[in-house]
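**Q** Just so you know, our numbering puts 145 at position 156 of the sequence shown, and the rest follows in order with no gaps.
A couple of the hints might just be wrong.
Derived DEER-like restraints, expressed as beta-carbon distance ranges [unchecked claim]: (1) Arg121 to Arg181: 48 to 56 angstroms; (2) Glu86 to Glu149: 22 to 30 angstroms; (3) Arg190 to Arg121: 15 to 23 angstroms; (4) Ala156 to Glu86: 37 to 45 angstroms; (5) Arg121 to Ser97: 21 to 29 angstroms; (6) Leu32 to Thr10: 22 to 30 angstroms; (7) Leu169 to Arg62: 37 to 45 angstroms; (8) Ala66 to Arg134: 49 to 57 angstroms; (9) Arg62 to Ala197: 22 to 30 angstroms; (10) Gly33 to Ala90: 28 to 36 angstroms; (11) Arg196 to Gly172: 16 to 24 angstroms; (12) Glu149 to Arg183: 22 to 30 angstroms; (13) Ala59 to Arg183: 51 to 59 angstroms.
For the record, the hints were derived by calculation from the structure and aren't laboratory data.
Everything numeric in this text was worked out from a predicted model, so none of it was measured.
For each residue, glycine too, the CB sits at the ideal point set by N, CA and C.
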Amino acid sequence: MKNVFTAARTDTALALALAGTDPDEMGAGGVVARADYLRLLALGATPSLAAQILFDGAGTAGHWRQENAAFARACEAVKDMSVTAAAAARAPRFTPERRHAFLTCLESGMTVTAAAAEIGITTAVVYQRRTRDTAFAAAMDTALRATPRQKPKAPAASAETWEAFFAALRTGVALRQAALAAGILPETVYERRRTDAEFARRTDRVRAAR
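Work out the full structure: start from the sequences and follow the hints.
**A** Here you go:
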């Protein structure tokens, strides 16, 4: 039965049959078209773009919305869901105010990871800013020296672990995700990129080849 469900992911007729609709009956085409329209809205397409993709710009979906209140409500619900998801997916900007708060956290003795989490950003955002902003990099170094801190001891990554990191990186994920997949602290990857030119070149080559 599992194979049937797997096949239904891409076999529309089979999915209809499993849902109790005869794929050969007259109304089946409309069911599929309405489902495709809702799917495009969920992906973030505007109603006009979805209509252009499915119906060459014809007003088919507009007629459905007028004639079927349930379909109209479903369209609005899916649009609201896609807007909410898009807003949640946007990473907060590393504004001057956030940078100041981040540096203050570092001065208090927090680690980079803890300070980033405190202001609601990722360490990747911090190190991207550090790479392109020398003034911020200098301020960050000063803040880190302000309070003596114990560096968390992480076990040294073996050659096999680094190869696992590169294998994960080849799949198209970001440096941070590849590091976590291999069991390496992301900060270890960023630090090695800064201090090991050959490692930095290799990571760049792997990312460029994806």
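**Q** Just tell me: holds or violated, for the beta carbon distance of Ala66 and Arg134 against 49 to 57 angstroms?
**A** holds (53 angstroms)
**Q** Does the Cβ-Cβ separation between Gly33 and Ala90 fall within 28 to 36 angstroms?
**A** Once the Cβ atoms are compared, 32 angstroms apart, the range 28 to 36 angstroms for Ala90 and Gly33 holds.
**Q** Given the hint of 16 to 24 angstroms, is the C-beta distance from Arg196 to Gly172 inside that range or not?
**A** holds (20 angstroms)
**Q** Given a hinted range of 22 to 30 angstroms, is it respected by the beta-carbon distance of Glu86 and Glu149?
**A** This hint is violated: roughly 43 angstroms between Cβ atoms.
**Q** Are Arg62 and Ala197 spaced within 22 to 30 angstroms by their CB atoms?
**A** 47 angstroms Cβ-Cβ, so the 22 to 30 angstroms window is violated.
**Q** Could you tell me whether the CB distance from Leu32 to Thr10 stays inside 22 to 30 angstroms?
**A** holds (23 angstroms)
**Q** Given the hint of 37 to 45 angstroms, is the C-beta distance from Ala156 to Glu86 inside that range or not?
**A** holds (39 angstroms)
**Q** Per the hint of 15 to 23 angstroms, is the separation of the Cβ atoms of Arg190 and Arg121 within bounds?
**A** holds (19 angstroms)
**Q** Per the hint of 21 to 29 angstroms, is the separation of the Cβ atoms of Arg121 and Ser97 within bounds?
**A** Given range 21 to 29 angstroms: holds, Cβ gap about 25 angstroms.
**Q** So the hint says 37 to 45 angstroms: do the beta-carbon atoms of Leu169 and Arg62 match that?
**A** holds (40 angstroms)
**Q** So does Ala59 sit 51 to 59 angstroms from Arg183, Cβ to Cβ?
**A** Since Ala59 and Arg183 have Cβ atoms about 57 angstroms apart, the given range 51 to 59 angstroms holds.
**Q** Can you tell me whether the CB distance of Arg121 to Arg181 sits inside 48 to 56 angstroms?
**A** violated (19 angstroms)
In this structure, the earlier hints numbered 1, 2, 9 are contradicted, and the remaining ones agree with it.
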